[in-house]
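So the sequences go chain by chain: A and B.
Take the position in the first sequence, starting the count at 1, then add 11; the result is the number in the working numbering.
Take the position in the second sequence, starting the count at 1, then add 218; the result is the number in the working numbering.
Please keep in mind that the hints were generated in silico from the structure rather than gathered at the bench.
A hint or two may mislead.
What the hints assert, rightly or not - Under the rule of at most 25 angstroms between Cα atoms (straight-line distance), these lysine-lysine pairs were calculated in the BS3-like manner:
#1 K43(A) / K55(A)
#2 K269(B) / K128(A)
#3 K251(B) / K119(A)
#4 K128(A) / K251(B)
#5 K119(A) / K43(A)
#6 K131(A) / K55(A)
#7 K128(A) / K112(A)
#8 K376(B) / K337(B)
#9 K293(B) / K118(A)
#10 K131(A) / K112(A)
#11 K337(B) / K43(A)
#12 K269(B) / K293(B)
#13 K376(B) / K131(A)
#14 K293(B) / K131(A)
#15 K269(B) / K337(B)
#16 K43(A) / K293(B)
#17 K252(B) / K293(B)
#18 K269(B) / K252(B)
#19 K128(A) / K293(B)
#20 K43(A) / K249(B)
#21 K249(B) / K337(B)
#22 K128(A) / K376(B)
#23 K252(B) / K112(A)
#24 K269(B) / K251(B)
#25 K43(A) / K128(A)
#26 K251(B) / K293(B)
#27 K131(A) / K269(B)
#28 K55(A) / K119(A)
#29 K252(B) / K128(A)
#30 K131(A) / K252(B)
#31 K269(B) / K249(B)
#32 K376(B) / K112(A)
#33 K55(A) / K128(A)
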Amino acid sequence: MGKAVLFSILAASFLAHVPAAAAADNIAQFKKVTGAVFVEREGKRSPAQTGSHVRQHDVIVTGNDGAAGLTFADNSLLSVGPNSELALDRFVFNSTTHEGKFDSFLKKGTLAVVSGKIVKQTPGAMTVRTPSAILGARGTEFVVRAD
Amino acid sequence: MRVRIAALIAAVAIAGCSNLRHDEVILLPGKDKKVGSVVVSNSGGEVVLDKAYASAKTKGSTIVAGSSSPEEVGKAFGDTLAAQPPRPASYQIYFETGSDRLTGESSRSIEGILADIAKRPSPEVVVIGHTDTVGRAGIRNDELSRQRAEVVRTMLVKRGIPAASISVEGRGSRELLVPTADNVDEPRNRRVEITVR
Chain A
12 MGKAVLFSIL
22 AASFLAHVPA
32 AAAADNIAQF
42 KKVTGAVFVE
52 REGKRSPAQT
62 GSHVRQHDVI
72 VTGNDGAAGL
82 TFADNSLLSV
92 GPNSELALDR
102 FVFNSTTHEG
112 KFDSFLKKGT
122 LAVVSGKIVK
132 QTPGAMTVRT
142 PSAILGARGT
152 EFVVRAD
Chain B
219 MRVRIAALIA
229 AVAIAGCSNL
239 RHDEVILLPG
249 KDKKVGSVVV
259 SNSGGEVVLD
269 KAYASAKTKG
279 STIVAGSSSP
289 EEVGKAFGDT
299 LAAQPPRPAS
309 YQIYFETGSD
319 RLTGESSRSI
329 EGILADIAKR
339 PSPEVVVIGH
349 TDTVGRAGIR
359 NDELSRQRAE
369 VVRTMLVKRG
379 IPAASISVEG
389 RGSRELLVPT
399 ADNVDEPRNR
409 RVEITVR
């Protein structure tokens with residue numbers, strides 16, 4: 012086997028590992044997407060589809076006709092309505108102990124929340140910030156609007 | 219009294235904003251009819267919502283408690299609630315003692331689980347294996363619990379569920395469904411928990 016071939020195999024296997032490492036950082040998946048829905052990551056905006064993943068620090072942005080629902084690794088369910096902007100500031104979850112922290116910021120628009128295992132294990136460990144308040148979730152379901 | 223006047227002024231200030239320039243949170247009853255709670259706070263104070271349709275409106279440093287209704291929520295959050303993902307569901311599959319062979323009944327219940335997976339958008343499956351406390355609690359049970367989970371994964375993959383959407387874990391005898399002493403043959407602890415979401 013020539014050195015060049017060996018190198019390209021090594022390079023390919025290395026590259027193949029890069030997405031796998033990134034995949035470990037996925038915190039949630041889009042389950043429903045209607046209309047214009049985007050994910051902003053590191054300054055870049057890309058359209059969201061059912062099945063696409065999000066990571067900590069991503070911002071979900073919807074247009075006039077947009078709405079989207081996400082299921083998180085701790086079984087939390089979040090959905091946003093039209094003209095919304097939701098920043099996923101922090102999501103940490105230990106799937107064995109169920110300990111974690113989930114902080115998001117609804118800059119504008121609407122949000123519906125069903126809390127998951129993080130809140131069940133540690134009431135209050137999930138917060139949603141709006142421009143004029145901070146909400147600490149001690150359980151289950153609520154809706155939020157930010158103007 | 220001063221507090222009450224301040225609250226009244228705040229309420230008037232917020233009510234006066236007919237263009238809805240404020241933030242709002244409304245607590246909803248859960249699907250199981252249980253109502254949780256949400257603590258709403260800002261520099262003006264704190265309100266605890268713990269009844270169905272209790273609400274808090276906030277703006278700047280004001281915070282006003284109130285209540286909403288299913289009709290109002292439907293009107294203001296209809297699109298948002300319609301976009302909610304399906305609720306995750308959890309199933310238990312049981313095993314013969316000391317083995318990775320499913321009990322007859324559990325083999326049949328796989329069909330229902332597959333049907334649930336099939337109707338979900340971009341389904342994810344989390345498979346967690348467990349054992350009872352028979353045998354040495356350590357390595358053997360960790361291995362067996364993992365093996366049980368792998369057996370379930372293989373069954374699901376054979377039935378067309380993409381392997382990439384299935385994650386597998388083994389917890390040994392650490393998370394008993396039915397708490398028992400060591401060396402207790404408890405069928406309900408010999409299980410794999412399948413979460414579908």
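Now for the hints, and whether the structure bears them out:
no.	hint	result
1	K43(A) / K55(A)	holds (22 angstroms)
2	K269(B) / K128(A)	holds (21 angstroms)
3	K251(B) / K119(A)	violated (29 angstroms)
4	K128(A) / K251(B)	holds (18 angstroms)
5	K119(A) / K43(A)	holds (20 angstroms)
6	K131(A) / K55(A)	violated (34 angstroms)
7	K128(A) / K112(A)	holds (10 angstroms)
8	K376(B) / K337(B)	holds (18 angstroms)
9	K293(B) / K118(A)	holds (21 angstroms)
10	K131(A) / K112(A)	holds (12 angstroms)
11	K337(B) / K43(A)	holds (13 angstroms)
12	K269(B) / K293(B)	holds (20 angstroms)
13	K376(B) / K131(A)	violated (34 angstroms)
14	K293(B) / K131(A)	violated (29 angstroms)
15	K269(B) / K337(B)	violated (33 angstroms)
16	K43(A) / K293(B)	holds (20 angstroms)
17	K252(B) / K293(B)	holds (23 angstroms)
18	K269(B) / K252(B)	holds (10 angstroms)
19	K128(A) / K293(B)	violated (29 angstroms)
20	K43(A) / K249(B)	holds (19 angstroms)
21	K249(B) / K337(B)	holds (20 angstroms)
22	K128(A) / K376(B)	violated (30 angstroms)
23	K252(B) / K112(A)	holds (23 angstroms)
24	K269(B) / K251(B)	holds (11 angstroms)
25	K43(A) / K128(A)	holds (21 angstroms)
26	K251(B) / K293(B)	holds (21 angstroms)
27	K131(A) / K269(B)	holds (18 angstroms)
28	K55(A) / K119(A)	holds (19 angstroms)
29	K252(B) / K128(A)	holds (16 angstroms)
30	K131(A) / K252(B)	holds (13 angstroms)
31	K269(B) / K249(B)	holds (14 angstroms)
32	K376(B) / K112(A)	violated (36 angstroms)
33	K55(A) / K128(A)	violated (31 angstroms)
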